[in-house]
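Q: Letter by letter, the chains look like this.
Protein chains: 2
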Amino acid sequence: MAPVPDFEQMWRDLAPVGRSAGSGGYFRQPFTSAEREATAWFLEQCAARGLDVQRDRFGNLVAWWRPDGVAPAAAGRGVLVGSHLDSVLDGGAYDGPLGVVSSLAALDVLRDRGFAPTRPIGVGVFAEEEGSRFGLACLGSRLATGATTWDRARVLTDRDGVSLEDAVAGVQTGEADLLAEVGCFVELHVEQGRDLVDRDAAVGVASAIWPHGRYRFDFTGEANHAGTTRMEDRRDPMLTYAMTVLAANKQARLSGQRATFGRVDVRPNGTNAVPSAVTAWLDARAETAEHLDAMLADVERLAQERAGRDGTGLVVTAESVSGPVHFDAGLAARIAGPGSWPVIPTMAGHDAGVLSAAGVPTAMLFVRNPTGVSHSPDEHAETADCLAGVEALADTLERLA
Amino acid sequence: MAPVPDFEQMWRDLAPVGRSAGSGGYFRQPFTSAEREATAWFLEQCAARGLDVQRDRFGNLVAWWRPDGVAPAAAGRGVLVGSHLDSVLDGGAYDGPLGVVSSLAALDVLRDRGFAPTRPIGVGVFAEEEGSRFGLACLGSRLATGATTWDRARVLTDRDGVSLEDAVAGVQTGEADLLAEVGCFVELHVEQGRDLVDRDAAVGVASAIWPHGRYRFDFTGEANHAGTTRMEDRRDPMLTYAMTVLAANKQARLSGQRATFGRVDVRPNGTNAVPSAVTAWLDARAETAEHLDAMLADVERLAQERAGRDGTGLVVTAESVSGPVHFDAGLAARIAGPGSWPVIPTMAGHDAGVLSAAGVPTAMLFVRNPTGVSHSPDEHAETADCLAGVEALADTLERLA
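These protein sequence lines map, in sequence, to chains L and D.
Going by our numbering, the first sequence opens with residue 1, and the numbers climb by one from there.
Going by our numbering, the second sequence opens with residue 1, and the numbers climb by one from there.
By construction, these hints were calculated from the structure, which means they are not laboratory data.
Each hint should be verified, as a subset may be incorrect.
No distinction is drawn between identical chains; accordingly, a pair holds when it is met within one copy or between any pair of copies.
Stated by the list, open to error - Simulated pairs of lysine to aspartate or glutamate, EDC-like, Cα-Cα distance not exceeding 20 Å: (1) Lys250 x Glu305; (2) Lys250 x Asp13; (3) Lys250 x Glu287; (4) Lys250 x Glu232; (5) Lys250 x Asp198.
All figures in this text were calculated on a predicted structure; none of them were measured in a lab.
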């Protein structure tokens, strides 16, 4: 087989795809030209390595390495690695692609080592992991596992009104059941916090994904004139919202959890009008479901108290609440032990969490992120750490395959 | 002349025009069918009263009452009353139309009293007072006085990209210089606060319009993942914004002024993202220019201190600052004295402020608003108070004309 590009060359080749000249961030929304270009690049890499590409009807794909002498795996015998190639709007280079590129590079390491796997190894690419186009995170893996049904998903629309069904119809798909051969899944991902910086480690292993809730806060007040209405006569929902933002931040800091108000819609949103309504979304994550519930209860209590003083109304609606994901402890120990890699929780959702919830023994490897910044053009990992990640993934595959 | 409808009949006839069946609020944007229907109704009323309608090329009009024996006024001899017929989006019934209907009714009262004016009396209707379509408040009176030039205004566009020039081309206009005959202007308006409630008076006279500033606050931070980024590692501009909202409210309450954050834009405005930027607009109004400057300085200082703690940036830009309007004190005293009506300031902009700034001796009459609510479907005035306003306006015209 011809020589294949190494990690650094692959990284350079993929770097310009879908990158904004302005911000330097990535816009690789699923089934758009940028994400298709990234996928085409991946398929070239698979062809160069003689991998057997299989597609399902949702836009997910798995490229299998089946060395001579390894029969197609019996159901549940293959080892899946991989991640995703799509990005959030104006995202970073590493979230997703690092796992895909590292998986290809790990196969090359195994070949160089002369390793002879006894099971097939697949490199998976899941569609719409970020939910940046159709609003549902981990959409590809949810469809592949059946956690979300096609009937429910196909009618989802993007900002331009294009349905998922129509978007998927524009790309090459297949009929494979991609997970039929899969016995376990290992996803390598850039860390999105700084635990590995604190632990002075290039690589870590995930123990769990924190519970995660998204809650809509509907604050209602009374539209009024911003000039003539005395301060004491107002029922201004912006005040209640503002206090709730600060309260959520304080509760999360005090309890070591996470709480964010990153999205807000104001009506009528006019400079000279006291708003009639403010709708905002709380993203909350906590170590346990009990911590999550307690934090939400504290924030809501403080917000309701303030609403009482402001003369405003507040209704809180849970839009989605995910319980904790506990990755396979035996698998994590088996992976982490030899390398003495720290085992740490993550607060972000991943395809690995979806597969784990579906009963697939699953593990995650993290690569150190010096600033912890993610979902941003500034997201970064040092090349030496990325190469350590490739070695760690290759070591893991040696133990599993 | 045939009998003309009285105040209450006119009010009932105008009530359905441009009213939303859903909210009960009014959508009478300038040069739209609803506002044209209101104007057509006004022109019928003028015809029924034998008034001489004059139009300028901007969509403003004045209907002159020139009783037998009153020669067309020499320049600067006529007395102008009136207001506007357009509304904010989803506005109330009274803001604007009350002044127009009361002006027509006041002419009827003068006729019933057998009053013989020595000067012509005009009922004016100014276009786009609210700025709800083309974004510039008091647009008609600004154009009529030359405070805004046609060259600058004609290219303004509405939300659908229609220019003011094209919108005005769709309605009947004329070539009159509407203010040439005007010696003084009296605008009757529903009060937009509750000063008259506190003073137990149905009618009041304006002393001044408070200085008014609109300031853009650009808060900048660092986009990041809402789950994985530790609270202490964030640079979240939403926090700085939230604290600034509360600080502005507190400063205004403490100093008896007005401060409102009614409009905010967040980037990227995603539930699972710490925002990179929050832009918000402060609407501030104060008794004097010095109070306005001091309040802004206090809010900005507190916001900058918080930005320092949050690791965020803040730039404040004054988008528009209007100095105080002092209505003609002699005119106000002449109007208020006999009726012992309270003389009160207002915090809202009006065509009367534009004419006053252009050197026209100007006064305003306010009619009590039981709740103070304005720019809202709930805006209201009691019929008895409206009729007291008509009498007050008739009394005023007797003294001036």
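Q: What are the numbers of the hints that this structure violates, sorted from low to high?
A: 2 and 5
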